[in-house]
Structures are given as structure tokens and as C-alpha cells.
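Asker: As a plain string of letters, each chain reads:
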Amino acid sequence: MDFTFTDDELAFKEAISRFLMTEAAPEALREIWETDSGRSPELRAKMAEQGLTALSVPEHAGGLGLNDVAWSLMTQELGYYGIPDSMADTAYVAAGLLAALSSAAQNGTAQNSTAQNSIAQTDELLGGIAGGELRLALQHPVNPLVADAHLADFILLMEGVNPAGNTDISQAALHCVPRRDVDISLHPSIDSSRRLSQVSWQPKPETLLCRGDEAAALMEETLQRGALSVAGQLLGLAQRMLDLSVDYVAQRKQFGRAIGSFQAVKHHLADVAAKIEFARPVLYRAAWALAHQQPESGLYVSQARLACDDAAQLAAHHGIQVHGAMGYTWEVDLQMFMKRSWSLASSWGDRAFHQQRINTALFAHDASLDYGPADTFGSAPEREVNNA
Amino acid sequence: MELIYTPKQQAFRTEVRQWLAQHLPAEPLQSYDTREGFEQHRAWERQLFDARLSMVMWPTELGGRGCDLIEWLIFEEEYYAAGAPMRVNQNGQLLLGPTLMEFGTEAQKNRFLPAMASSEQMWAQAWSEPNAGSDMAAISSKAVRDGDDYVINGQKTWSTRAIFADWCFGLFRSDPQSSRHHGLSYLMVPLDAPGVTIRPIKALNGKEAFAEIFFDNVRVPQENCIGEEGQGWKVAMATAGFERGLLLRSPARFQKTARDLVQLYLANQASADRDPAIASRVAKVWSDAQAYALSAYYTVGRLSRGEKIGAESSINKIIWSELDLAMHQLAMEILGPQGELTQTQNSHWLEGFLFAQAGPIYAGANEIQRNIIAERMLGLPKS
Numbered sequence: 061m062d063f064t065f066t067d068d069e070l071a072f073k074e075a076i077s078r079f080l081m082t083e084a085a086p087e088a089l090r091e092i093w094e095t096d097s098g099r100s101p102e103l104r105a106k107m108a109e110q111g112l113t114a115l116s117v118p119e120h121a122g123g124l125g126l127n128d129v130a131w132s133l134m135t136q137e138l139g140y141y142g143i144p145d146s147m148a149d150t151a152y153v154a155a156g157l158l159a160a161l162s163s164a165a166q167n168g169t170a171q172n173s174t175a176q177n178s179i180a181q182t183d184e185l186l187g188g189i190a191g192g193e194l195r196l197a198l199q200h201p202v203n204p205l206v207a208d209a210h211l212a213d214f215i216l217l218m219e220g221v222n223p224a225g226n227t228d229i230s231q232a233a234l235h236c237v238p239r240r241d242v243d244i245s246l247h248p249s250i251d252s253s254r255r256l257s258q259v260s261w262q263p264k265p266e267t268l269l270c271r272g273d274e275a276a277a278l279m280e281e282t283l284q285r286g287a288l289s290v291a292g293q294l295l296g297l298a299q300r301m302l303d304l305s306v307d308y309v310a311q312r313k314q315f316g317r318a319i320g321s322f323q324a325v326k327h328h329l330a331d332v333a334a335k336i337e338f339a340r341p342v343l344y345r346a347a348w349a350l351a352h353q354q355p356e357s358g359l360y361v362s363q364a365r366l367a368c369d370d371a372a373q374l375a376a377h378h379g380i381q382v383h384g385a386m387g388y389t390w391e392v393d394l395q396m397f398m399k400r401s402w403s404l405a406s407s408w409g410d411r412a413f414h415q416q417r418i419n420t421a422l423f424a425h426d427a428s429l430d431y432g433p434a435d436t437f438g439s440a441p442e443r444e445v446n447n448a
Numbered sequence: 018m019e020l021i022y023t024p025k026q027q028a029f030r031t032e033v034r035q036w037l038a039q040h041l042p043a044e045p046l047q048s049y050d051t052r053e054g055f056e057q058h059r060a061w062e063r064q065l066f067d068a069r070l071s072m073v074m075w076p077t078e079l080g081g082r083g084c085d086l087i088e089w090l091i092f093e094e095e096y097y098a099a100g101a102p103m104r105v106n107q108n109g110q111l112l113l114g115p116t117l118m119e120f121g122t123e124a125q126k127n128r129f130l131p132a133m134a135s136s137e138q139m140w141a142q143a144w145s146e147p148n149a150g151s152d153m154a155a156i157s158s159k160a161v162r163d164g165d166d167y168v169i170n171g172q173k174t175w176s177t178r179a180i181f182a183d184w185c186f187g188l189f190r191s192d193p194q195s196s197r198h199h200g201l202s203y204l205m206v207p208l209d210a211p212g213v214t215i216r217p218i219k220a221l222n223g224k225e226a227f228a229e230i231f232f233d234n235v236r237v238p239q240e241n242c243i244g245e246e247g248q249g250w251k252v253a254m255a256t257a258g259f260e261r262g263l264l265l266r267s268p269a270r271f272q273k274t275a276r277d278l279v280q281l282y283l284a285n286q287a288s289a290d291r292d293p294a295i296a297s298r299v300a301k302v303w304s305d306a307q308a309y310a311l312s313a314y315y316t317v318g319r320l321s322r323g324e325k326i327g328a329e330s331s332i333n334k335i336i337w338s339e340l341d342l343a344m345h346q347l348a349m350e351i352l353g354p355q356g357e358l359t360q361t362q363n364s365h366w367l368e369g370f371l372f373a374q375a376g377p378i379y380a381g382a383n384e385i386q387r388n389i390i391a392e393r394m395l396g397l398p399k400s
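Line by line, the protein sequences give chains A and B.
Everything in the first sequence is counted per our numbering, starting at 61 for the first residue and increasing by one.
Everything in the second sequence is counted per our numbering, starting at 18 for the first residue and increasing by one.
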């Protein structure tokens, strides 16, 4: 039992944080918001130079081969600095999907001949991600609109998916389609850093990655990574909104003194701090469980997703309250992080979706309910001995 | 990061699980807020002590078995999962005990800790006074030095189980010229000493759960002072940290309640589902109880990295007290018209509901905890 990060993981996080602090200050983000693409190729290239794009690409494909645990730290930094780029979609979520496909093909467990033939292509894509040259966007039934499809080189799309949901993904097929072969139409979001598109396309045999159970399992794992990525970003956003609010109330004076000395204001911000502290280990446990393919990882991811969302929504709610009317303006930076937290709140599964997953795990009649004390970390292999 | 238990940790878990399975009392013990129940609990504590399972983290020479924090968490998980009796001597074992370990002399440790581990000596707190509750620095009970003794006069209140306990510990003003948190001394006082009068106070459930203690020229020797004379505030703050933090409110206790609540919901689903939000609220508190446990393990990891835990113990206090309240409130809603009954198989939920009302008040009111978080963790200006 070791609930700590390695020195390497912490040092990497520190380095990324210092880098983003200077390269992604709020003024710079506002400029990027105003551009047509909403994205800065320069910022993206610099993030790639820092190694972010290579983080979870397998070593054989030119990456660093780190897992979800490392991303539970990185996504917090992406959230904290409000990075206007769905970097994590490419470098974490899509890379994770392609890495799983590549490893299935290498182990000979891939069920689909196309996937086995496409190992070279998959590794080429992974290499492109690691080097920072490629952007990938992903479609999933829980996300009716695709983020960053407008700039993606490739889009991972599901054949047989109803974008309105209610899709039986066991019947679906997974394709990797060049953007030139799809039609997209942009849908503006309240969050100026979001770029969401409706994507129309026609499946072709040469773009097929896999289908059936294999595709369904991959899309489930992809959903977990997407939800964890959002959870980490929401937690980072919560911390940023708390920090901005603390700075503001320490300076803003009313009735002759800083409003941060008023108990009512203090209590708002103390509650946000408490929510953040208690969401953090939930996020880390979910990331570890996913990285180690624990059977309960879906439950843990949904718990992390809701706990981090709770923290972010409270940080936004109390943040705007203690900012007073200034919090309702475009001028103060709080709005940038508040809007991001609202838009992410229903991305990769909204609250109801994740709540339902938890309820099902707990209340299904055939569920073997043993989620009490003594089962804090779920069924790791070693537990079996003990349960005998 | 490696979130699975080592074989050694698993072996310890198995040992605790088996011992509990063999030794748990066949019938639930009576409430320790009654004389008879109190003595039943004392006997149970003695059994735990004989198996060296009373204070697993204490050194062996003081009656423990030298476990680390992870093993302690494992012990607690097994203890609560088994439905074992509540610990009656927590004030001594979990508050005074760690305080003595840190600030006590060797003589004090040897004299008090083994007897505390076995519950041969039961302890009550003597912190609060009628005019010093959350504002503990307003303490006015006096301990005047007279040769090698202190002579104590004054009144303490809200002292849990003081009518049954053998000793109390608390802060007394030893420098009559001092004010606020200066000039206080941390003293241990036998409750059968001449001049001590104890008057019980009935709690919401009608039981004499706590008491007032009156001191009329009570003499205690100087060797009953923990830390230096006049430095009691510093020692007391450490005790308060233990109280709000992990040790007293082990997460396993809340996980057990959460799991029981899930089962209560499933058993009463038909009626509970009149309000469809109940299911999600049950799932939410169950998740929160798990989050509390994870945070305990994570805190242990931080401690092992050499980090210090400060105002976070105030966060803990808010989390467990509000979680306890939320869980029992839900139980009452699930039970509906059955909830108010005091003599049914579900009345432990009502008992828990009543007890949970006190959580946000004792160990420092939650308003005070939020001030501590805001000032010491977030650096906001003092009022």
C-alpha cells in the first residue's frame, strides 16, 4: 500500500506547472480566444516540447509510456491554467485507445483482421502524437458534439452510433477517419475556448479499426479516460477559482476592511477547500484502478467525476458570490475558469449519467454488495486470498 | 502508487478478522452511557488489550503492538466491519494517549499509558467551561501552586461520561495574572479526589452522557502536569488536532454506517422510492464515506513523505460530522413513520441520528473549523 506519487511524477507536474504559468497567463488565453481557430499552434508546439504529448504513448512508439496516474496530475494543470486546447483528448484519451489497439494486435488478441493489419498504421499515429505533429478528436455517444474536430488530423468515429445516445455500442464499429473525409459544422459554446462540431461522414472499409465487442470495450475504456480527464481538469479549475477568490477577497475592501476577514466569506471559501481536498484522493484512486484494469474502475471513475464536479461547481458558485458584481463581468479572470467548469460538467457523461452508474453498482439486485470498510480499495488480485 | 495491500498487511487483516470472529460478544453490549453498559465495555476493552489489539499503534512496552498507520487503518476497517462495540475509552486512548506520547515524561507514560490501554483507568475530558466552549482560551478554572501541589478551583462542563470515569484531563489557569492562552497548565486529575463533585447532564436521548465537574480546593501533585507549567495551550492544541483529525473518527466507522444505510435502503426500497432522489442521496453519502477513507490513506502517504498535516484536521472534522448527520438524516427519511420509535430493531438509527446532531458542535464547532481553514490554510485575514 503506497498512496504516493513518485518523485519523477511530481517533478514532471512541477515542470509543467511552471511552464504553463508563464506561457498560458490569462492575457494570453484571452488573445487565443479571439482567434478563428481558438487554438495556438505555438502553445501546442511548446507543450509538445515539454513532453506532454509523449506522456502516455508507449515507449515502442516513441513515447514515455506513463499511465493514467500521471495524467491525473497533468489534467489538473491543464484545468488550472484553462488551456484552450483539447490536448488531453489527443495525448491522453486517443493515445490510450490507440495504445490498447496496438498492444492487442501485438499480443495477437485482436479479434479483427483489420486491426491486426493496421498495427503499423496505429504505431505511426502514436508516433505522430508523441512528436506533437498530430491532433486527434474523438466521438462518443455521451458527447453529441465532437471537441476540436475542426483542427484534428484524424477523428475517431463510431459507425452505428446515434449521437442522441441510446446506442447499443456492442453493435458499433470504430473508425479512424481523416478530417478531409468528413463534414463538420461548428456550434459555438458559452466557453469561448471550446470548439464543438457536428460531424457527418460515411464509413469506408479502409478506415475501420475494429468492431463488435472489441470496439465496445475500447469505447468503454475511452469513456473512462475521457471522464477522468474531465475530472482532473475540473479539480484544477476548482483550485484556480479558489485561488483567484482568495486573492480577490484579501484585497477588496468594504466597511473599511478586507472582505476576506468576514466570517461569511471565509466559510464560503473554506467549504470549497474542503471539497477539493476530499475529491483529490478519489481522483487518484480512480486513475490507479483504471491503469491496473481493476473491475470496479468504472464505478471509481464515476465517483471521481462527481466529486471533482462538486468541487468545481461549488468553487464557481462561491467564487462568483465573493467576487460580488465583478464576478459577473468579462473583465475578471474568474469568468474564464467558471465557464470552462460549466461546459466540462456535462462532457464525457453528465452528472445523471455518472450518478446512474454508481446507483447501478450499489443497488442492482445481483450486485454483490461488499463495499463496506475492509473493501476500501476494491478487489485487487491479492484480496482473493483474504476473502477465502 | 500501489493501491493494494502487502502480504504482511493482508496477514494482519486476516488475524484481526479471525480474532474478532471468535471473540465478539454474542449479544450487543448495553449503551456505555449507563453504569452497567460502561462496565461491560470495560470488560471488552480488557479482552482487546489481552490480545494486544487495544492500541495497535502503541509500542509493545506500553501495551500496544507497534503497528504503523496503514495497519491501524486495516485494524479499524476490520473492527467496524465486524460490528464490534464502540470504544468506550476514546478520550483517554485517542486524545490524552497521543498527547502523553508527545509531551509526557517517561514516568508519566509508564504510569498512565498501559492502564489506559487496558481501560483499567477510564478518562474524561475537562476542557469546556460554562463561558469557554468554542472560545477555549477564555478558561477561568484556577490551579494555584502550593508547594509541590496545585490547588484547583472552578467548574468544567460537557465532560463526556465523567460520571463513570476514573480520571479527567484538561486546562487550568495556573498564572492568576494571565489572560487568554497564556498561563494555562495541562493537568490530570483523579475524579475520586476530595473536593471533586460531578453532576450529570442528560443528553437528548435521556441518558446521562455527560456531566459538569466542580473543583473545590482539589489538590493534585505537580507531577500530574503535562508539559511545562503555563505552556498548556500548546499541548492542548496538539490534543485538539488529534480530536478533529483521523484518530478519533476513523473512516471505517462511517463506511460501516454507509454500507448499513445502503442495506436499509434496499430493505425499504418500495417505501423509500416515494422520493426518487433518495437513491442518489444514499449513493452520494456512500461515496463520501469512501472518499473519507481514501483521504485517510492519502494522508498517511503524505505523512510518510515527511509532510506535516496542519489545518487539514479541521477539514476532517467538518467532513465526518456533516457526513454522519447526512447519513442519519437519510435513515430517518427511509424509515418514515417508523423512525421515531425507540424500541425497534432499527432504533439504533434514531440513536445515531440524535448523536450525529452533536457532531458539528463538539470538538470545536464547525464554524470555528471553517475559520481555521480560511485563516491558516488559505491565509485570509483574521476578523
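Don't read these hints as lab results, they were simulated from the structure.
Glycine included, every Cβ here is placed at the ideal spot set by N, Cα and C.
Among the hints, a few may not be true.
Unchecked claim - When the alpha-carbon atoms are kept at most 25 Å apart in a straight line, the in silico DSS-like pairs for lysine-lysine are as follows:
(1) K251(B) / K126(B)
(2) K251(B) / K313(A)
(3) K313(A) / K264(A)
(4) K251(B) / K325(B)
(5) K325(B) / K73(A)
(6) K399(B) / K251(B)
As the list claims (entries may be wrong) - One side of the interface only, derived from the structure: several residues of chain A facing chain B at Cβ under 10 Å:
(7) T64
(8) F65
(9) M81
(10) A85
(11) E87
(12) S230
(13) V309
(14) G316
(15) R317
(16) H328
(17) R345
(18) A347
(19) H352
(20) Y360
(21) I418
(22) F423
Asker: Each hint should be assessed against the structure and marked as holding or not.
Answerer: Now for the hints, and whether the structure bears them out:
Of the pairs offered as hints, the one joining K251(B) and K126(B) holds, with about 19 Å between alpha carbons and a cut-off of 25 Å not exceeded. A C-alpha spacing of about 34 Å is found between K251(B) and K313(A), which places the hinted pair above 25 Å, so the restraint is violated. The straight-line distance between the Cα atoms of K313(A) and K264(A) is roughly 64 Å, outside the 25 Å bound, and the hint therefore fails. For a cut-off of 25 Å, the pair hint linking K251(B) to K325(B) stands: about 17 Å separates their Cα positions.
Between K325(B) and K73(A) the CA atoms are separated by roughly 21 Å; this keeps the pair inside 25 Å, and the hint holds. Taking the CA atoms of K399(B) and K251(B), the gap is about 20 Å. The hint holds against a cut of 25 Å. For T64(A), the suggested interface contact is upheld, since its CB lies about 4 Å from the closest CB of chain B, less than 10 Å. The beta carbon of F65(A) comes within 6 Å of a beta carbon in chain B, closer than 10 Å, and the hint placing it at the interface holds.
Nearest Cβ of chain B to the Cβ of M81(A): about 19 Å, over the 10 Å cut. The hint is violated. The closest approach between the C-beta of A85(A) and any C-beta of chain B is roughly 22 Å, which is over the 10 Å cut-off, so the hint fails. Interface restraint check: E87(A) against chain B, minimum CB-CB distance 25 Å, threshold 10 Å, status violated. Of the supplied interface hints, the one on S230(A) is violated, with its beta-carbon coming no nearer than about 26 Å to a beta-carbon of chain B, more than 10 Å.
Checking V309(A) against chain B by beta carbon gives a least distance of about 7 Å; that is within 10 Å, so the hint holds. At a threshold of 10 Å, the smallest CB-CB gap from G316(A) to chain B is about 13 Å, leaving the interface hint violated. A cut of 10 Å between beta carbons decides the hint on R317(A): the least distance to chain B is about 8 Å, and the hint holds. The interface hint given for H328(A) holds, since its Cβ lies 9 Å from the closest Cβ of chain B, which is under the 10 Å cut-off.
Of the supplied interface hints, the one on R345(A) holds, with its beta-carbon coming within about 5 Å of a beta-carbon of chain B, less than 10 Å. With a cut of 10 Å, the hint placing A347(A) at the interface with chain B holds, because the nearest CB-to-CB distance is about 8 Å. At its closest, the beta carbon of H352(A) sits 8 Å from a beta carbon of chain B; the interface hint therefore holds under the 10 Å criterion. Checking Y360(A) against chain B by beta carbon gives a least distance of about 9 Å; that is within 10 Å, so the hint holds.
Among the interface hints, the one on I418(A) holds; its C-beta lies about 5 Å from the nearest C-beta in chain B, closer than the 10 Å criterion. Proximity of F423(A) to chain B holds as hinted, the smallest CB-CB distance being about 6 Å (cut-off 10 Å).
Consistency with the previously given hints fails for numbers 2, 3, 9, 10, 11, 12, 14, ordered from lowest to highest.
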